[in-house]
Structure formats: C-alpha cells, structure tokens
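Throw the hints in and build the complete structure from the sequences for me.
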Amino acid sequence: MPPLLDIQGLSYARDHRDLARDLSFQLEAGDILRVEGPNGSGKTTLLRILAGLYTNYEGELRYRGESLRGRGRLAMRSESHFLGHQSALKLSLTPLENLNWLAALNGQSVGLDAVENALAKVGLKGYEDVPCRQLSAGQQRRVTLARLFLVSAGLWLLDEPFTALDRQAVAELEGWIGEFAASGGAVVLTTHHALGQLQGLRSLTLGGS
Amino acid sequence: MSDPRIIWNVLLRRELLVSLRRRSEIANPLFFFLIVCALFPLGLGPSPALLAGMAPGILWIVALLAVLMASDGLFRSDYDDGTLEQVLLSPVPLYVTSLVKVLAHWLLSGLPLTLLSPLLAMMLQMPPQGIPALLASLALGTLVLSFIAAIGAALTVGLKRGGVLLSLLVLPLFVPALIFGSAAVQRAVLGMDSSAPLALLGAMAIMFVLVAPLAIAGALRVSHDQ
Chain A
1 MPPLLDIQGL SYARDHRDLA RDLSFQLEAG DILRVEGPNG SGKTTLLRIL AGLYTNYEGE
61 LRYRGESLRG RGRLAMRSES HFLGHQSALK LSLTPLENLN WLAALNGQSV GLDAVENALA
121 KVGLKGYEDV PCRQLSAGQQ RRVTLARLFL VSAGLWLLDE PFTALDRQAV AELEGWIGEF
181 AASGGAVVLT THHALGQLQG LRSLTLGGS
Chain B
1 MSDPRIIWNV LLRRELLVSL RRRSEIANPL FFFLIVCALF PLGLGPSPAL LAGMAPGILW
61 IVALLAVLMA SDGLFRSDYD DGTLEQVLLS PVPLYVTSLV KVLAHWLLSG LPLTLLSPLL
121 AMMLQMPPQG IPALLASLAL GTLVLSFIAA IGAALTVGLK RGGVLLSLLV LPLFVPALIF
181 GSAAVQRAVL GMDSSAPLAL LGAMAIMFVL VAPLAIAGAL RVSHDQ
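If you read the protein sequences in the order shown, they are chains A and B.
Sequence positions in the first sequence follow UniProt numbering and run 1 to 209.
Sequence positions in the second sequence follow UniProt numbering and run 1 to 226.
Simulated from the structure, these hints should not be mistaken for lab results.
Errors might be hidden in some of the hints.
Said to hold, decoys possible - In silico SDA-like links for lysine to any residue, alpha-carbon gap of 20 Å or less:
| id | chain 1 | residue 1 | chain 2 | residue 2 |
| --- | --- | --- | --- | --- |
| 1 | A | K121 | A | A153 |
| 2 | B | K160 | A | Q86 |
| 3 | A | K121 | A | T163 |
| 4 | B | K160 | A | D15 |
This is the structure in structure tokens:
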C-alpha cells in the first residue's frame, strides 16, 4: 500500500529565492507533521504546494501513489481540508450560510443539524445566525475550524491554525488534532505555538542552514 | 457527491445572498446608467429628433460601461478573503462555480439594467416601437458582456489596481455585441425587422455562456498560482 503522501526531491523558490532543495518525506495515516522554520522560510508555500494552490515546484509528489500533477490531485481534493491564512468566510453571511456553502463546495449538501453540530463542537452554539462580521477574530477562526467536522476528510492541511484562538480553544484544537490522527487521519500543520504531547507528532524544519 | 441540483442551488443562493447584502454594489451601476443617460439631453440639447436618433447608441454604450463597472470587483472580494482558494480546491468543477458566479452577477446587474432601460428610452425620446428590441437586445447583450468582463476580471484579480487594465482588456471585446445590439434597436426604431441582429446576439450569448466559464476558470488558476 503506497503512503498517503509521498514527497520526493521537492524544490521550490519564490521570487528567485530558493526556499527548499531536495526535500523528501512521507506521511502515513495517523501522522502529524509539524512544519517549522523562521518567518519567510517557506512553510506556507509548502502547504500551498501540497494543497495544489502553487504549482511552480520541482520534484515528485504523490497522493496514495498517484501523482499530484495528475489523478492524485482530484482524489486529494475531495479527501482533504486546507485551512489557509485567510478565513475563507464571507463576513456578510452567517456561520450557517458560510458552512453550508463550503460543504457544497466539497460536493456535499449537508443538513441543518449537521452544520449545527459542527458549530456546537467548536463552541459556537447560538451563533448560527449572527453575521460573521459581528463575531470576534477568534470566533471567526472557530467557524473556519468547524469545516473540519462538517465534511469528513482523511488529510488536514492547516496553516497557522492556532492564530487568534484563546487558550482554551488552543487546547481543544490540539485535542481534535490528536483525536483525528488517532482515528487514522493525517495532519500537516505550520505553527509557532509549542504543541503538547501528541501521538505520531513529527517535525520538519525548513530554512535551517 | 450528492445531487448536483442541490449543489447548484446552494452555490447560486450564496452568490445572490452575498450581493444582496451589499446593496450599494448592485445600486451603483444602476445609478450610473440612470445619471449618465440623463446627462445626454443636457449636453446635446433637448431636440427630440436628435435625441431619438442617438438614443439606441447612447443606451447601449452607457449600459456597456455600467456592466464593466459592475464587473470590476467580481472576483476581488473572493480573492481577498480566501474563499477563492476554497473554490479552486473544491472537487466541484471550476467551470460550474464560474458559471454560477457570472449568472448570479448578471441576475443582479444586467437584468435590472435591462428592466430600467425603457424608462430611459422614453427620457431620450426614443419611439416606443423600439422598446421590445431594446429589452431583448440588452437582456442578451448584458449577458454576453458580463461573461466577457468576467474573463477580464479573473485575469486581473491578483493585481492591486486592475480597474484600468480591465477596461483596456475587455472594451475591444465588447465591440461585436455593441454593433449587433444597437443595430437591433435602430432597426426596430425605423420600423424594420430586427430579428437578424437579435439572432446573432442570441448566438453570441449561447456561445459565451458555454465557453466563457472555461476561460474564466483558466484565468483564475493562472491568477492564483503565484
């Protein structure tokens, strides 16, 4: 059985500056990979490459044995979540409307109770119909996180997921990541936050030398 | 994947909701249409014969500029808040999401513009027998223009100030629609049969609805992949 993600000889640059040379790693179900490095070392770019948002790289990337430049991309799209820097929320819409749309984008129409459950899970019960503009930055982040529980996926790509979260939410998110990995999911995340003890946690350091 | 019709409805509903909650963006192109058309009698003088002769051209050119104005920000807010990223990553084909986006945009810009046009036609002293052709040509024409402008908007979405570039890119492409559209109205005003230019406009509308989403999808990918 091929690994979930197989990265061989990945090199990429931004604005003529090499960010990574000949990077190779593998990710199996149950793995949590933490991408570390100083600001500007290419962590976000790596996640965007894995997600398929940035294709200006060299090397062989495979998802379940299929190339990410070909058939693997489609398979990965419907089986993974990418949470970027931006919230991907329309501030004029309510969390309910935002999540409904994001689920439809994942090719699934979910019922009202599924959205309500996902919002309750991230501690936003009662905020279903409040326009996102009126929510705090941390609450908006929670709405974004609710996506993870709305449509099930096998791989989470999280870019700085702890931004703007309060201490309790940080602990909760760590717990969710741990549970997700324990149940056979794989996670790639970037963060400057010190993670607690998580089963299957590995680190990848960029821009070391 | 669940029922495509439900997905389609959710996608369309969201586009309409987002636009409806920012009413000024719907209203501004309409006011622009209204005010600029009202400027012509002031500038040209109130002679009914002169105005009536120029009315089809005036209405069409101002409608065209209003569509251009409405389309500038079509993808910009999605680009800024990261929803475009999710659209690009979605297993739903980008062709479908682009098509929904432009259709929703037309429903709230081109269609109201079309419905407003008879009022302005009367203000410009256009003979009433031209009104059916005006409505038909603007309905089809603004659809074509919206799709053309959307291609330009997708190409310039990554630029900070894409507005001027957008007009330079798409205004030349508006020319065929303008020629057939204003010709249809002019012929109707003169009491001639305007079905030929309308049929051509209809053919263009069908072609753009089917083909333009491919170009929009490609342009969005190019704009975003950097």
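Quick one, are K121 of chain A and T163 of chain A close enough, alpha carbons at most 20 Å? The given pair, whose Cα atoms are some 18 Å apart, holds under the 20 Å limit.
For the pair we were handed, K121 of chain A and A153 of chain A, check the Cα-Cα distance against 20 Å. holds (17 Å)
Between K160 of chain B and Q86 of chain A, is the straight-line Cα distance small enough, at 20 Å or below? holds (17 Å)
If you draw a straight line from the CA of K160 of chain B to the CA of D15 of chain A, is it 20 Å or shorter? holds (18 Å)
Going through the hint list in order, the structure satisfies each hint without exception.
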